[in-house]
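Asks: As a plain string of letters, each chain reads:
Number of protein chains: 2
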Amino acid sequence: MQTHLNYPVLMTMEQSKRAHLINSVGGFKSVCLIGTADNLGNTNLAIFSSIVHIGANPPLICFIMRPDSVERHTLSNILETGVYTINHINKNIYRQAHQTSARYPKNISEFDAVGLAKEYKNDFKAPFVKESVIQLAINFKERIDLTINNTIMVIGEINQLYFPEDCLCEDGYLDIEKAGTISCTGLDSYHTTQRLQRLNYAKP
Amino acid sequence: MQTHLNYPVLMTMEQSKRAHLINSVGGFKSVCLIGTADNLGNTNLAIFSSIVHIGANPPLICFIMRPDSVERHTLSNILETGVYTINHINKNIYRQAHQTSARYPKNISEFDAVGLAKEYKNDFKAPFVKESVIQLAINFKERIDLTINNTIMVIGEINQLYFPEDCLCEDGYLDIEKAGTISCTGLDSYHTTQRLQRLNYAKP
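Taken in order, these protein sequences are the chains called A and B.
Counting from 1, one number per residue, gives the positions in the first sequence under my numbering.
Counting from 1, one number per residue, gives the positions in the second sequence under my numbering.
Heads up, some of the hints might be wrong.
Since copy identity is lost for identical chains, a pair holds within one copy or between any two.
[To be verified] Simulated crosslink set (DSS-like; lysine-lysine; CA at most 30 Å straight-line): (1) Lys17 / Lys91; (2) Lys178 / Lys106; (3) Lys91 / Lys178; (4) Lys203 / Lys141; (5) Lys141 / Lys17; (6) Lys17 / Lys125; (7) Lys130 / Lys178; (8) Lys17 / Lys178.
What the hints contain is simulated information worked out from the structure, not anything from laboratory work.
Isolated chain A (complex conformation) (with noise of 0.2 Å):
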């Protein structure tokens, strides 16, 4: 049976539960864990799902953050630096990637607070997280501040891409749900997926 909320009615909804049902009705997300340092070395890891591709050439991918959020260490090592990781999350993993979420003072890590592995390599300067098989290191390219509701649009280039090597497809498409990579849901679901199938490209 389909019903239906309006405007007016979403507006006056208790706030937790507006941000609970506006977060789950774009549809599943990506869910990844972003790893930055700053200058001095202490790292940072928060969980974002808000992870979009906006362009293959060159390789440019976005997310949006809230700019009173836990997140805001993230930010700020990411313009102090220039630099972040995008960590794909994996069923082994997604405890400790929603527990990132709490607000941890700047000076802990959010590595040794919910136990996952800092990885450095080919002279990057941001940390990855070695209990994840896709990750990308990302050079920070472009901040737009969103005004409509004080939003920040984040846009960087892809600058190295790690994947298992039997995970990529003779086209170049990357088969992330062999590779374990989860899907998340409002808030706080995660999910693993099934393919149905893989479709043509589409002609009239």
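The hints should help you fit chain B onto chain A, whose structure is shown.
Replies: Just chain B now, kept in the frame of chain A:
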């Protein structure tokens, strides 16, 4: 066995291969049908996999579009009428949904071409997809041109929200898995999901 590619290698890849790869690396994606009409009532339907929640108060949602794609009919209709619908995709309609990405001429409605039914309700001027069980009526709010790669970010506000009554949880979470909503990866792969767990609000 983990392998890696870096920026110079990515940039020398064959274009369609890079498109498949870079569209895959951001994680699982929301995939929805956006329904529009022009002022004469000519309808358009297009599939998008770049839909992201950007805030709950007010309820805002955005998507990214390439300016040169078939989806340009979507943008011109949105700018003309100020309204559009976002319709979740389930396993009964993902093939038709994918087919809307073919380059149909402006005078052909993808609703008719792919065999999905238009639905109008509550005086909203844009058409919903009848076969979709979660449907959003959106008022256009803002267009942001991303000069970095000439894509366009379209921001809208949720005006009406339709969903199966038994999918709304007490705390406001909408169980879109129970509603049959699916996810996608890359340019052409569709996935059902299986919940691992909902987790509690994280505290240090």
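Asks: Give a verdict on every hint.
Replies: Hint by hint, here is what the structure shows:
For the homomeric pair Lys17 and Lys91, the shortest alpha-carbon distances inside one copy (27 Å) and between copies (28 Å) are both at most 30 Å. Proximity of Lys178 and Lys106 under a CA criterion of 30 Å is satisfied in neither setting, with 36 Å inside one chain copy and 39 Å between copies. In the homo-oligomer, the alpha carbons of Lys91 and Lys178 lie at most 30 Å apart both inside one protomer (12 Å) and across protomers (20 Å), since each shortest distance falls under that limit. In the homo-oligomer, the alpha carbons of Lys203 and Lys141 never lie at most 30 Å apart, since the shortest distance is 35 Å inside one protomer and 32 Å across protomers.
For the homomeric pair Lys141 and Lys17, the shortest alpha-carbon distance between copies (24 Å) is at most 30 Å, but the shortest distance inside one copy (35 Å) is not. Taking CA atoms no more than 30 Å apart as the test, Lys17 paired with Lys125 passes between copies only; the shortest distance there is 28 Å, against 39 Å inside one copy. Within a single copy, Lys130 and Lys178 get their C-alpha atoms as close as 18 Å, which meets the 30 Å cut-off; across copies the closest is 33 Å, which misses it. Proximity of Lys17 and Lys178 under a CA criterion of 30 Å is satisfied inter-copy only: 19 Å between copies versus 34 Å inside one chain copy.
Consistency note: the structure conflicts with the earlier hints numbered 2 and 4.
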